[in-house]
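Asker: So you can see what is in the structure, the chains are spelled out below.
Number of protein chains: 2
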Amino acid sequence: MRLHWRAANYLALGQIFLRGNPLMREALTLDHLKDEVFSCWGTIPGINLIYTHLNRLIKQRSLQMMLVVGPGHGCAALIGNAYLDGSYSRLDPPFKQGRDSIERLFCRFGYQTFAHDVPAIPGTIQSGYELGYSLAHAVGAVFDNKDLIACCIIGDGEAETATLSASWHLPAYLNPLTDGAVLPVVHLNQYKIAARSSLSYLSNARLTSLFTGLGYKPYIVEGADPELVHMLLAGAMDQAADDIEAIRREASDREVKVRSLCPIILLKTPKGWTGPKLISGEPFEGSATALKLQRLFMADVDFYLKLLERWLHSYTIKSLFDSAGHLLPEPAAWIPEEKLTLSGCPHANGGLLREELKLPPLEEYGVETDADREDPASERHLPLAFYLREIIALNGLNFRLFSSDCNNSALFLAPIFSITQRVSPTDEIDRERLDEKPARVVEILSQTVCQALLEGYLLSGRHGLYICSEQHSNLVVSMLGRYANWISRAAEIDWRKEVSSFNYLQISTLWSPKLAQASCTPGFAAAAIEQRSGVTNLFFPADAGTLLAVTENCLKATNCINSIVVDAHSQDGWLTVGQGRKHAAAGLSIWSWAGSEKEEKEKVESASGPDLVLCSVGAIPTREMLQAVKILRGILPQLSIRVVNVVWLNKLQSPEFHPAGLEADRFDQIFPPDVPAVFAYHGYLTEIYTVLGERLEGRRLKVKGYRGCYADSSLQNHLIANELDRFHLALAALDLIDRNDGQLASAKDSIKSLMIEGF
Amino acid sequence: MRLHWRAANYLALGQIFLRGNPLMREALTLDHLKDEVFSCWGTIPGINLIYTHLNRLIKQRSLQMMLVVGPGHGCAALIGNAYLDGSYSRLDPPFKQGRDSIERLFCRFGYQTFAHDVPAIPGTIQSGYELGYSLAHAVGAVFDNKDLIACCIIGDGEAETATLSASWHLPAYLNPLTDGAVLPVVHLNQYKIAARSSLSYLSNARLTSLFTGLGYKPYIVEGADPELVHMLLAGAMDQAADDIEAIRREASDREVKVRSLCPIILLKTPKGWTGPKLISGEPFEGSATALKLQRLFMADVDFYLKLLERWLHSYTIKSLFDSAGHLLPEPAAWIPEEKLTLSGCPHANGGLLREELKLPPLEEYGVETDADREDPASERHLPLAFYLREIIALNGLNFRLFSSDCNNSALFLAPIFSITQRVSPTDEIDRERLDEKPARVVEILSQTVCQALLEGYLLSGRHGLYICSEQHSNLVVSMLGRYANWISRAAEIDWRKEVSSFNYLQISTLWSPKLAQASCTPGFAAAAIEQRSGVTNLFFPADAGTLLAVTENCLKATNCINSIVVDAHSQDGWLTVGQGRKHAAAGLSIWSWAGSEKEEKEKVESASGPDLVLCSVGAIPTREMLQAVKILRGILPQLSIRVVNVVWLNKLQSPEFHPAGLEADRFDQIFPPDVPAVFAYHGYLTEIYTVLGERLEGRRLKVKGYRGCYADSSLQNHLIANELDRFHLALAALDLIDRNDGQLASAKDSIKSLMIEGF
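The listed protein sequences derive, respectively, from chains B and P.
Numbered according to this note's numbering, the first sequence spans residues 355 to 1113.
Numbered according to this note's numbering, the second sequence spans residues 355 to 1113.
Just so you know, not all the hints are guaranteed correct.
Copies of the same chain look alike in the list, so a pair counts if it fits in one copy or across any two.
List time: in silico DSS-like cross-link candidates among lysine-lysine, alpha-carbon distance up to 30 Å [claimed, not checked]:
| id | residue 1 | residue 2 |
| --- | --- | --- |
| 1 | Lys-936 | Lys-952 |
| 2 | Lys-672 | Lys-910 |
| 3 | Lys-936 | Lys-672 |
| 4 | Lys-712 | Lys-631 |
| 5 | Lys-450 | Lys-413 |
| 6 | Lys-936 | Lys-660 |
| 7 | Lys-910 | Lys-936 |
| 8 | Lys-631 | Lys-791 |
| 9 | Lys-622 | Lys-611 |
| 10 | Lys-571 | Lys-388 |
| 11 | Lys-571 | Lys-500 |
| 12 | Lys-571 | Lys-622 |
| 13 | Lys-851 | Lys-672 |
| 14 | Lys-611 | Lys-712 |
| 15 | Lys-851 | Lys-936 |
| 16 | Lys-984 | Lys-910 |
| 17 | Lys-693 | Lys-660 |
It should be emphasised that the hints constitute simulated quantities derived from the structure, not laboratory data.
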């Protein structure tokens, strides 16, 4: 194991500094060095050490393990280990061990493999750079994966982040009857890059107290001497594995009512471990990063070369690789068979294991159109909630709902709780209750924790929905961007199989009663539109049929991120499920039944368009827009109005910005350039400008949306304050008609007096 | 104290349900009830109980205390207590105790006082709805306020959030020599609205272990019987106050090297305490919220009225108020003198205490223009860093820097660390080190914690800067929105005095080397632009002089939020400090020295504009744009080019969207509608469309910005990939010229061949 660790350390250090002389058989010269240093050393020896010891555990006990690495700058360790495991062939096929491969490995690092190539590293589901999500990713991956153990390395910096701090409680949400286990390894070296970390000043007694309080059984492994640490860590790993086995055993023993505590290893080693102790009198190991070396390089090249040479040789290269660069049998002794290696873990390439979601036929949840309903406002939301209930019933351990907002989900989801329940944080094993109602809803009052859990769940091959409120979805803006990056880059890697889409169901919207109005702040949709990877889609179904169809599409989709805004106060029935399906597929349609164009098809293709285009996006704007059309048609029956409904917002974008965007000629067919148009949009006004972008040029149009105006008590007043009500929409349409006659003026007056009368 | 608590509970319950019969001297009828229930009861009795007990502590020990209330739905408790304290006059002046005032208090709740009126509640610095920021707000408020104790109430739900979970470590960042103290009271009732909370399943032994590990001295107060809880809580409060006194004493004893632990009270009472035990056989107290009552109302009005009547009378109203509605002496006995009341806490109206920041004259940090500099690229950033250093030196305990990103701040801020240091989390009191270098930099690896700390610091009357990296600033999008709401609403309340602006200094930008490119995700600027309150400003200074001037302006400003993007790799010297000041004040200027218009003034005002307008926003785009102008002038010397530089992005918005926005006629003067224009923008391309919005209509323009394209290794390649380099900008300009002649075509060819040659 000593040798394996040295081999991993050597390969990592080589990646950072070398571009030649891969086996160090020659004296080190400047020609062997890279021009730039792309990583630092701080966390690498720790990751390698844990990797080595996990290998032994896996091999000895035939465990299926996954490794989630929290600390940034750890790529070189993971890539080096993938080399040792043999999974490196995925990174750079074809691949054959030996001197040339090591040289290639070294040369590629920082150029071909780095940074935005993280999905290219086999065995990982965790992108770097923004810290805090590792433990939630690990827990998400072991949900409903009884045989999987996810080891999660958490550094000082990561432990200081908000999301990770909230994640300490997550093992209490694991059910030993159906879920796997996590093994957190907190790798403490006192620093977060340059400053002291929040955990750094706690004594071992306090750390023990803290993690015991959090529900863990802590094992502290501390030292700077590798021999000692190897011994202590091996012991701690064995005990932790025993603990996890005990938890599994208890699960199958119906007498056991309280599960054992989750093990956690606190590994305290020096920062920059195994590096030079001192450089020019300044401490290196225990305080700093490899980047310091590059500064030294400027000052004294000879000294630098000698130091680096000594450091590289300290790993006793000849005991690791033969002269052809093949790994010797001793360091390879504990490497598991390929399918059990950490870098080969199939759960980290979830698409491999993914089973299709079973979806009930939508028609059973079909909504009557308004015409055949007695009370069009009745049974709001129920079709979707019943549909979700059936999906839960059909899919066993393959589907979960995640939600941070208990109150809203309680109202919205009420029907599903007849067959399922929320996952409770507990150390009791309540077999009866869980048999009766499997817990498929994870509710944790942290949006970022929920997002990371679902990411982990999807990336390990399952299906899910994130039910959030539009009021608070901007809490995950940065994670949305990061996940979009991951998804789009992973899609380019052929051995990564497709994973289910990440679906947001946004309820409790901007237009909800006063609670929402006061607490809404912008950000989510704007950031989603700004994503340039084209994997992010925004849906605003205007009625229950379209909502069902959109939800079905999103649940079937892979490798993308979808947001569906569901207005809890409006589930109109404009379309049948069948019509909704067509509409959802098109993304936007001309609703000829609502407009006053005589022959739609002809008009679209002919040069002469309608007098006006009225376009709506979202349930409430659509309801108001259709009323506006009624008003206009009542007052000015001769007006030729085209009604367009947009359900897939990105359709309005230029194809340059989103692959779903309509081509210019198709866009111009639907929105003829010389015909004035009114847009009524569910979200913040500025977003629709962003979406239309250059398409605004040279057009006469008026855009209405949420302007951040608050109004008390009623939706109507709120709509009026934001000028998105039927009257303002009708007036906006007339304002665009460039004609100065008495009829128009009197039409405006009629609308104004209607407005005073109210809805 | 029993009576004070009852009075507070009665006033809160009255606010929720009553609009008449304020002293319950008549039998309760439907006419006395509000049509809607605006709050729930879950957390109110607990807040009131803590308030009552803090009153006693304050009065007995003459303490200056502030109360920060985490749980949502607590407004009715705070407003009721403000009534009892006498501070209610601020909410509804003029004010005189008595029956009518109580009726008015009840009637206003949910209508005049609620939700977005939170800044109207005296004594608070904490807006509701998005949980998690209370403890960081409290710690921010006691930084550099040695005599202040902030009691912070944290509920089950809040304790589950990410930011609060990370905040548990914050007391370790308090320095007893100069900072005040916090007293967290964790109010546990097992539930977060509808589901079990993460802390709910922990035994008292585990809770004790957890909080001991986190560095606290925990006191558990548990019970459902009010008498018992009063007794236990009084004891715990006394012990906590003793602990805080001990910490203060130790601070003045130079022999003491380790401070005592921070006290924390864990208060476990039933949810909905003092409410009906059962309603129709279903438990109410201990499980649910007052909203349940409203559902009951639908079912059985008589039962509902009787139940509510019994509940209201359970507070023994006649022992609280006389027949005229005046508070009787007994419940009033422990209310402190007005200036010490929690609702009258001057620190919660920080503008009252705010002292102006001392700013050194900018000219001392003046930057030479490029012309008189030997190496224009030298001394990057140093002027601003030295300026900040001097501000730290001048302002003692009145100014702090907050930063989540140690690495970046370390490089950028290096010069300041000769006189200051980072605040270390510790329980040691290192007097010598702190005497030598006062710790004025708070670095915690959580963006949301840093944001909340600075909010608390500013709202309690001090000054500060948040140094973040543009790569990660989208982590605080939701908090930005919430703080903007607070600031804009607080500005409308006349007793709230102006507080210093919240200033973001965004370093390590989209255009930083590859590390940044791979980790950038959009969101911050888009969300800032979407804020409709007009208090959010985005600055993109293009050179060092303008940067200094903008920083000065932002530090002087009050009641707003400013973001300054500082590109770490570009500190050009286009303007002197004096010119920078003028430019910063104008927000955007025509740089006639860079353009080729002959007589700027004449042109602006005459109908005939230039042939082209080239406009840049941000340091790197400006550098490229000026090079593009050089190229164009070299190739087509007869072209009349206007160069516009924008430092204050919001100037480009319509005044309807931002108060700084240019009026249409002024905008048309600078950007004549018939003159094609190229915009080169620092940030995401979509943002500039959002900013220009309707102004795009009918114009010929080309917008270049960050398109999310990654390129390896160099800024130049990165610029080219995003088409923001000098050559693409020059070509974009020529593309806009609607002329089909050979000269133009050959000009394009020359530029293309220049591009191939490279920079």
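Asker: Hint by hint, say whether it matches the structure.
Answerer: Now for the hints, and whether the structure bears them out:
1. Lys-936 to Lys-952: within (22 Å within a copy, 59 Å between copies)
2. Lys-672 to Lys-910: Neither: 53 Å inside a copy, 64 Å across copies.
3. Lys-936 to Lys-672: neither (67 Å within a copy, 67 Å between copies)
4. Lys-712 to Lys-631: Classified as neither; 59 Å inside a copy, 45 Å across copies.
5. Lys-450 to Lys-413: Answer is within: at 23 Å inside a copy they meet the 30 Å cutoff, but 79 Å across does not.
6. Lys-936 to Lys-660: For Lys-936 and Lys-660, the Cα distance exceeds 30 Å both inside one copy (70 Å) and across copies (55 Å).
7. Lys-910 to Lys-936: This pair counts as within: shortest intra-copy Cα distance 16 Å, inter-copy 57 Å.
8. Lys-631 to Lys-791: between (58 Å within a copy, 28 Å between copies)
9. Lys-622 to Lys-611: For Lys-622 and Lys-611, the Cα distance is within 30 Å only across copies (25 Å; inside one copy 34 Å).
10. Lys-571 to Lys-388: neither (44 Å within a copy, 53 Å between copies)
11. Lys-571 to Lys-500: within (20 Å within a copy, 39 Å between copies)
12. Lys-571 to Lys-622: For Lys-571 and Lys-622, both the intra-copy (16 Å) and inter-copy (26 Å) Cα distances are at most 30 Å.
13. Lys-851 to Lys-672: Classified as neither; 39 Å inside a copy, 72 Å across copies.
14. Lys-611 to Lys-712: Answer is neither; intra-copy 33 Å and inter-copy 64 Å both fail.
15. Lys-851 to Lys-936: within (29 Å within a copy, 57 Å between copies)
16. Lys-984 to Lys-910: The answer is neither: 37 Å in one copy and 54 Å across copies each exceed 30 Å.
17. Lys-693 to Lys-660: So Lys-693 and Lys-660 fail the 30 Å test inside a copy (41 Å) and across (69 Å) alike.
In terms of the numbered hints stated before, the structure departs from hints 2, 3, 4, 6, 10, 13, 14, 16, 17, listed from lowest to highest.
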